[in-house]
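Construct all of the structure, not just a fragment, from the sequences and the given hints.
Residue numbers (the numbering used here), protein chains in the order written: chain A, 1 to 268; chain B, 1 to 294.
Read the hints as simulated data drawn from the structure, not as lab findings.
Each hint should be verified, as a subset may be incorrect.
As the list claims (entries may be wrong) - Quick list of the computed label-pair ranges, beta carbon to beta carbon:
| id | chain 1 | residue 1 | chain 2 | residue 2 | range |
| --- | --- | --- | --- | --- | --- |
| 1 | A | Gly127 | B | Gly50 | 19 to 25 Å |
| 2 | B | Phe57 | A | Gly127 | 19 to 25 Å |
| 3 | A | Lys53 | B | Thr136 | 20 to 26 Å |
| 4 | B | Phe275 | A | Leu248 | 30 to 36 Å |
| 5 | B | Phe86 | A | Lys53 | 40 to 46 Å |
| 6 | B | Leu27 | A | Gln125 | 17 to 23 Å |
| 7 | A | Thr179 | B | Thr58 | 58 to 64 Å |
| 8 | B | Gly50 | A | Gln93 | 51 to 57 Å |
Here the structure is a predicted model, which means the values were calculated and not measured.
By construction, the Cβ of each residue, glycine as well, lies at the ideal position given by its N, Cα and C atoms.
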Amino acid sequence: MRQRLLRPLGAVTVMAILGFLLLPAIVVTLAAFNGRAILSFPPESWSWRWFAKALAYEDFRAGFRNGLIVTAWASALALVVGAAFAFVLDRYQFRFKRTLETVLLSPLVIAHFTIGLGFLILAAQLGVARGYAVVIACHVMLVLPFVVRSVYISLRNLDPRLELAAASLGAPPARVLVTVTLPLLLPGLVSGWLFAAILSFNEFTASLFVTVQRTQTLPVAMYNYVREYADPSMAAISVIYIVATAALLTFATVFLGLGKVLNVEQAH
Amino acid sequence: MSPTRLAVELLMTSRPFLRVFVSPAALCALGLTAALAAVLQYSLRAFVPGALEPGGFTFANFAALAKPLYARVFLDTVWICFVTAFVSLIVGYPLAYALVRVRSAAIKAAILVIAVTPLFLGEVVRTYSWIVVLGTNGFINAMLLKLGLVAQPVQLLFTRFGVVAALVHVTLPVMVIMLAAALAHVDRDCERAAASLGAGPVRTFISVTLPLSMPGIVAGVTTAFAWTFSAFATPQLIGGGQVNMVSNLVYQLGFASFNFPFAASLSVAGLALTFVVLALVRAAARPLEKIGPH
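Here it is, written out as structure tokens:
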């Protein structure tokens, strides 16, 4: 009796929470197709013109280009550094292992404005001009924990007997790494890189501190737009963002087993 | 440790690649430490108005933190962080539970994508979306007016309620991931044992599942706290000057007053506060974790 009551109650609760999560995305989509410049719900007329305006806006275009440069470098560097570190973290004991792990994972709990301020001051002290290098270095630190975690979890789930078999057949360590370990780690590496790329492309607070007009990334350009204008161009670009991000994550869930990478699959 | 795992580690006693693989990570750690050290160093320097170069060493910045204006922002920030972490725990738990326990693979994938997407959207898009939801001409007010529930638009933007609602949306994904990771590793046999001894589903949940998921609750609450503390665009745009958090003050001092030493001291104090709160939450949870059969 009780159980029969609990099940629908649970389903309704979960649906209400999913509704809360989806509400902003749905509302912003309605706003993006609004024909007039002033918001009204439901929209009185429908139009694509805000999409056209957003895509033609020069600051957004420049922000998109700058963002791609920063993201390409930051995610690639973070992937190499993070994957190598996850490997030694999983396999070896060495001096300062705990210290190194604590420092590199600390951006998960240190406020982004503190890290952004730190790189801003450091660049000033070292006399480095605030170009792409500073933004990229800052982004690498911010996304590194996500790469380390997803590669580390993949390493934990890897069957060590496969590497043993290769080694016992005479493959030197480098060959085992390239022909056995890396191919088996591919889902973890791809999702780690994907996390890093999405997070870097969307990073805002630290970027606000370390970018200048010339290196301004898309989120910074969007923030400046929201502060100055109220028309639905921003809603249009938000919709593009939401659709692209949800598509990438659906891809990751279906093809890479996102549930496994995030370690949320039932053990048995 | 399993025998195969032991064999792998024995095989790797020569530790191939160790130096090559650790060096880049060590370099990154060095860079991050240098950046944080730069903040700490600036926090102890005097502000010279009109000059970008700070003056000599002083503790004046930290003394100024005690002023009611700044102390108030700190208290407000801590309060908002706690409320956000607590609400996202209450809202996140049922979702994490459903994510782990639902049988259909399609529903599981849908819940996962919907729950995780806000995390990757970035603060600006999320915050803007909430402005459209909460604004005077926004969705909620339009619905309330249409249904005749209110005669005038309700003030939701520029209120603490609005800021917390948007912040919960930000912290919910990470809360769900951490809770789900803990729930996924709860041994279902313990629940079955409780049920076979006559405990109902509610009692089984409270006395078995909940204590066993405690590590996830601690990890979720502490991370939600730290992430809320880190939020900038949400309090800036939704708070609109009416709700100020430490992040807004740091930015304003740095980029409007160019008082980087004071901005740095606020950051250092914020960092210290975050670590104290994280340590306290962990310490408070320790006796609770012992309830579970570990």
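Evaluated hints:
Between Gly127 (chain A) and Gly50 (chain B) the CB atoms are about 21 Å apart, so this pair conforms to the stated range of 19 to 25 Å. At roughly 21 Å, the beta-carbon separation of Phe57 (chain B) and Gly127 (chain A) lies within the given 19 to 25 Å, and the hint holds. Lys53 (chain A) and Thr136 (chain B) have their C-beta atoms about 23 Å apart, which keeps the hinted 20 to 26 Å range intact. At roughly 34 Å, the beta carbons of Phe275 (chain B) and Leu248 (chain A) sit within the given window of 30 to 36 Å.
The given range of 40 to 46 Å is respected by Phe86 (chain B) and Lys53 (chain A), whose C-beta atoms sit roughly 41 Å from each other. The hint said 17 to 23 Å for the Cβ distance between Leu27 (chain B) and Gln125 (chain A), and at roughly 18 Å that hint holds. Between Thr179 (chain A) and Thr58 (chain B) the C-beta distance comes to about 60 Å, which sits within the given range of 58 to 64 Å. At about 54 Å, the beta-carbon gap between Gly50 (chain B) and Gln93 (chain A) stays in the expected band of 51 to 57 Å.
Consistency note: the structure conflicts with none of the earlier hints.
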